[in-house]
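Chains as they are written, first to last, in my numbering: chain G, 1 to 256; chain H, 257 to 512; chain E, 513 to 768; chain A, 769 to 1024.
Everything labelled a hint here was simulated from the structure, so no lab data went into it. Take these hints with a grain of salt, some might be off.
Straight-line Cα separation of at most 35 Å, DSBU-like style, residue types lysine-lysine; simulated pairs [unchecked claim]:
hint, chain 1, residue 1, chain 2, residue 2
1, H, Lys490, G, Lys5
2, H, Lys490, E, Lys700
3, E, Lys643, E, Lys657
4, H, Lys461, G, Lys119
Cβ pair distances, simulated, as ranges [unchecked claim]:
hint, chain 1, residue 1, chain 2, residue 2, range
5, A, Gln820, E, Glu671, 35 to 45 Å
6, E, Glu744, A, Lys796, 48 to 58 Å
7, H, Asn410, E, Gln590, 48 to 58 Å
8, G, Glu232, A, Lys899, 51 to 61 Å
9, G, Ser71, A, Lys791, 47 to 57 Å
10, A, Lys1002, G, Gly7, 26 to 36 Å
The C-beta atom is built at its ideal place from N, Cα and C for all residues, glycine as well.
Protein chains: 4
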Amino acid sequence: MDKIKEGDYVLLYFDNRREWLVKASKEKEFHTHKGMVPIREVIGKSYGERIQSALGYDFWLLKPNSSDFLSTFKRLTQVIYPKDAGLIILKLGIGPGKKVIETGTGSGALTALMANLVKPDGHIYTYDMNKRFLNSAKKNIRKLKVDNYITFKNLDAREGFDEKDADAIILDVADPWSVVPHAYESLKGGCSIASFSPTINQVEKTVTALKENGFISMESIETLLREIHVEEGKTRPLSRMISHTGYLTFAKKIFV
Amino acid sequence: MDKIKEGDYVLLYFDNRREWLVKASKEKEFHTHKGMVPIREVIGKSYGERIQSALGYDFWLLKPNSSDFLSTFKRLTQVIYPKDAGLIILKLGIGPGKKVIETGTGSGALTALMANLVKPDGHIYTYDMNKRFLNSAKKNIRKLKVDNYITFKNLDAREGFDEKDADAIILDVADPWSVVPHAYESLKGGCSIASFSPTINQVEKTVTALKENGFISMESIETLLREIHVEEGKTRPLSRMISHTGYLTFAKKIFV
Amino acid sequence: MDKIKEGDYVLLYFDNRREWLVKASKEKEFHTHKGMVPIREVIGKSYGERIQSALGYDFWLLKPNSSDFLSTFKRLTQVIYPKDAGLIILKLGIGPGKKVIETGTGSGALTALMANLVKPDGHIYTYDMNKRFLNSAKKNIRKLKVDNYITFKNLDAREGFDEKDADAIILDVADPWSVVPHAYESLKGGCSIASFSPTINQVEKTVTALKENGFISMESIETLLREIHVEEGKTRPLSRMISHTGYLTFAKKIFV
Amino acid sequence: MDKIKEGDYVLLYFDNRREWLVKASKEKEFHTHKGMVPIREVIGKSYGERIQSALGYDFWLLKPNSSDFLSTFKRLTQVIYPKDAGLIILKLGIGPGKKVIETGTGSGALTALMANLVKPDGHIYTYDMNKRFLNSAKKNIRKLKVDNYITFKNLDAREGFDEKDADAIILDVADPWSVVPHAYESLKGGCSIASFSPTINQVEKTVTALKENGFISMESIETLLREIHVEEGKTRPLSRMISHTGYLTFAKKIFV
């Protein structure tokens, strides 16, 4: 059984609304409404075991998945949701060995998820004009230990990408249409691009740019996620939900 | 630039409703409503290039992603949709090196997607009681060349899994509650299980079984995907959509 | 108990997918896959009773509501759905005594529903440029016996309405923005307008026109209706649904 | 042009999030964040005109629809949403002359909307076991001046309704299945019942009771309403929405 070691991350779980990602450390104490949790005692325990707070409450040591890390990412900008990230990953075929270009880096959430999947031979090249975002993303991503598979670039993608022959390109910028011609240059033939935009007007302009720049197989969609309260005799969808994150547009490059 | 070789798969695209996954082969002809496409001539071309049918129509040679392969899977049973598969993959942390147990195999769609992501050191153990499903899944999966990362088992998961210490377990069976106790035995502490069920009653019983068998951090959701027709001046969601595929339930194992 | 009389309408129900609106008549026979139903025998029976087809199948005599009539309307154009019509009626305060202007008439579905609600002192003035639509709508509406509360006008609303001081105005035309200035002239102060449009671009132009023409309290929405298959142990949403009918925009007139 | 008289209600509008229903009164002042609004000056003005607060801000005098009144209803219990009420009204054929039974009264929202539509010859009989709810509903409804068309009954519907031959019955109680047999007794043949329930388990039990008690043509649905932010170049659905209010079940009575 895996023992938790110094430096490992633990998802400290109290209940569905109170869970925190913490780093196992000999010196650490973690303060919660339910009392101080002695993080140093986590070391040597197994994931799945419990730890008690000073006030006697049980906290559980869960194993964080890459998607659990996302929720701890510092967000200077909108963060992509798993419902959208999962679909981008599948529709673009992100996997071992893939060379991927992304702009903007944003909080680094998608960057980190993809970097974890292209290991050990693939690579993510991520561009963001905003130095502050890029630095924050680097910090966020460090926790997942996938830095080796990422190159961060503080450059404006509207002036082009340095890389060629990417297997996939992801645009999450305010004006994807300005980047589309450069994306075309840097993408392998027959391969896929994805663009994420909150407004329908951005989608229209992006689709127009894709059509004019050698892309086909266009598809624009939105995803919705609805949580269900499950309890025998009381099962019902939760009262509120996220209505909209953004639209996803997918297309593939051809040689016209 | 990658040249298409004998044995490679090509997504032969005519328009959004007419695309086929074909295998490059020296002898092959492919017959469509728009005329015969001489597949032999595909060899040596690049992805992204065009080929003409005997009737003079253009077809495009696109690069299939793992999700493109799914649409060609022979379906003896319901196939998982990318919107659901993507979320399962992220929420369970499926990635390089992971050891994953799945039941049932079904058409093998999720099996194939996961196998591609756990390479080269991870492995998928997939169980299906139905020999016919299992054989059909094997055939489907062969196209993706990920067989080395999958062990197929024609066994009833209600009698337990042979493996221990799985990083993740996925249940897609009619009675997940019968498998939950065995899943507990075979899952690593702190790690995640996912269950996919079409009916709300299955979800209720599954959540009850999870609660009674040492799982916490329960979350039940459904996802919806809506396609948008994008055309300047005429943008609107398509008239019809898939309203329901199934509910997803996630939970994590603790040592109670 | 109400007895069915000659000329009354009956909703002849076999199962959820097979029901028909028929008019009680001494001479009529109604042919179905389950045998001929002797409609003449309906006269003198009560709503809720059964009648047998020549092949011995049971058919039920249900009482049609105004919304049941809609499904029988001949549709030369898109018909409004109850989910949208219900909201228009409430948000515009359609009720006894109201004077309402509508364009276009379309199939007459909303016209009929509203006419039934403004009785006995209110009135619907409905405009449609298309003579064929208008005639078909008249025929459709005749069944509901609300003709006395409707004035049909084969005129182009882009040239203005003849009426003033309407309590509510409904626009269901391809270019609502062209009608907005006239709607302003014909609507009472403080009162509401509704516009129904399938595309987001129409909505944008309509909202702009409303803003520029003395309307406030703008609200644009879409409604979705999802059917649930309910059966103990097998309850789940149906697999498919209508994803989109159109967007509704509401606003109120002010004196600027 | 209608002048606002003492006792009339006015929808005092500042912006989409700040509007209030106020009663025109010679003595009244209305205090807002944007300064005191001299309500006495409203009398003699027309709907659609403006009034200035003491701080010089414009407020608009809009005409409240029945649905605008709802938002001011004191809610001791969940209030029905227009998206659901509109559909109930259409599917049950609520209109002039109809005799309707409802339980529970709740906040009186649906009661008021229906009373307004059955005028002048119809009537609503509304039952609620909870005296406090009933009194609050009466107060709420008084504003709409439809009291003459409503009989309030502080009785438990599980013991039956006093009325017979209702044209429609609406159930909005925790255990509709207990009321279904009584609803059958009180409903006209061939006519419709509607039931509103938040949980799927309630829906299952209700549908079972309907099947066992002489109802057919069962239909269970849920409605969703999504708000769109419309602004040229920035159009998108709002970020959050109500995910769930309740399920609606419709059925019709037969003589078995």
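Here is how each hint holds up against the structure:
no.	hint	in the structure
1	Lys490(H) x Lys5(G)	violated (57 Å)
2	Lys490(H) x Lys700(E)	holds (32 Å)
3	Lys643(E) x Lys657(E)	holds (21 Å)
4	Lys461(H) x Lys119(G)	violated (38 Å)
5	Gln820(A) x Glu671(E): 35 to 45 Å	holds (37 Å)
6	Glu744(E) x Lys796(A): 48 to 58 Å	holds (56 Å)
7	Asn410(H) x Gln590(E): 48 to 58 Å	holds (52 Å)
8	Glu232(G) x Lys899(A): 51 to 61 Å	violated (32 Å)
9	Ser71(G) x Lys791(A): 47 to 57 Å	holds (49 Å)
10	Lys1002(A) x Gly7(G): 26 to 36 Å	violated (45 Å)
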